[in-house]
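K.L.:
Construct the entire structure; sequences and hints are all you get.
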Amino acid sequence: MKYLKRFNESVDKYNVEEIKQTIREILLPISDMGYEISVNIDAGIIIRVVSYTDPKLKMNDEVKDEFIRMVDYLESSGFNSIEALYVKKAQSYKSRSGHSLETTEIQERVDFSEFITKEFELRNLLFFAKVS
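So the sequence shown is numbered by the working numbering: it starts at 672 and just counts up by one.
Hints in this document: simulated from the structure, not taken from any laboratory. In this text, a Cβ means the ideal position worked out from N, Cα and C, and glycines have one as well. Check before you lean on any hint, since a few could be wrong.
Stated by the list, open to error - Simulated restraints, written as ranges between beta carbons of each label pair: (1) Lys-801 / Gln-778: 30 to 36 Å; (2) Glu-779 / Glu-688: 29 to 35 Å; (3) Lys-760 / Glu-689: 16 to 22 Å; (4) Glu-746 / Pro-700: 19 to 25 Å; (5) Glu-746 / Arg-780: 17 to 23 Å; (6) Ser-722 / Lys-789: 17 to 23 Å.
Claimed, not checked - Simulated pairs of lysine-lysine, DSS-like, Cα-Cα distance not exceeding 25 Å: (7) Lys-691 / Lys-727; (8) Lys-760 / Lys-691; (9) Lys-727 / Lys-760; (10) Lys-759 / Lys-801; (11) Lys-801 / Lys-691.
P.N.:
Below you can see the structure in the form of structure tokens.
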């Protein structure tokens, strides 16, 4: 395994695999829904939950609970900056005659505390965790 920068006292090259495995275990209920969770660690952690090729993930209380558990674990491991990058499908615009004219997608990168209050269907979702 290539040498990884030390994030803090609790995250180094010796427990990277343990952190990855714990995140996958926490998100197992979401994985069981058909989403492949990937965890990459370099100068921080990138967690992909939903990609464009997956079915949309509906944010509900069960999904939110799993994300909150993941963030609690990351914070206990020394990460204090956790953001979500997500793409959601916006509403279609309709003409006066009722025909759909356009559907747009919105991409946002926000702090986890803002992200977790939202309720929508996700087309893409990444989490970024780092020590700031």
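K.L.:
Are the hints correct? Go through all of them and say.
P.N.:
Hint check:
1. Lys-801 / Gln-778: 30 to 36 Å: Cβ of Lys-801 to Cβ of Gln-778: about 20 Å, so the range 30 to 36 Å is violated.
2. Glu-779 / Glu-688: 29 to 35 Å: Once the Cβ atoms are compared, 31 Å apart, the range 29 to 35 Å for Glu-688 and Glu-779 holds.
3. Lys-760 / Glu-689: 16 to 22 Å: Since the Cβ atoms of Lys-760 and Glu-689 sit about 36 Å apart, the hinted range of 16 to 22 Å is violated.
4. Glu-746 / Pro-700: 19 to 25 Å: holds, 20 Å
5. Glu-746 / Arg-780: 17 to 23 Å: holds, 19 Å
6. Ser-722 / Lys-789: 17 to 23 Å: holds, 19 Å
7. Lys-691 / Lys-727: holds, 24 Å
8. Lys-760 / Lys-691: violated, 29 Å
9. Lys-727 / Lys-760: holds, 9 Å
10. Lys-759 / Lys-801: Within the cut-off at roughly 24 Å; holds.
11. Lys-801 / Lys-691: holds, 14 Å
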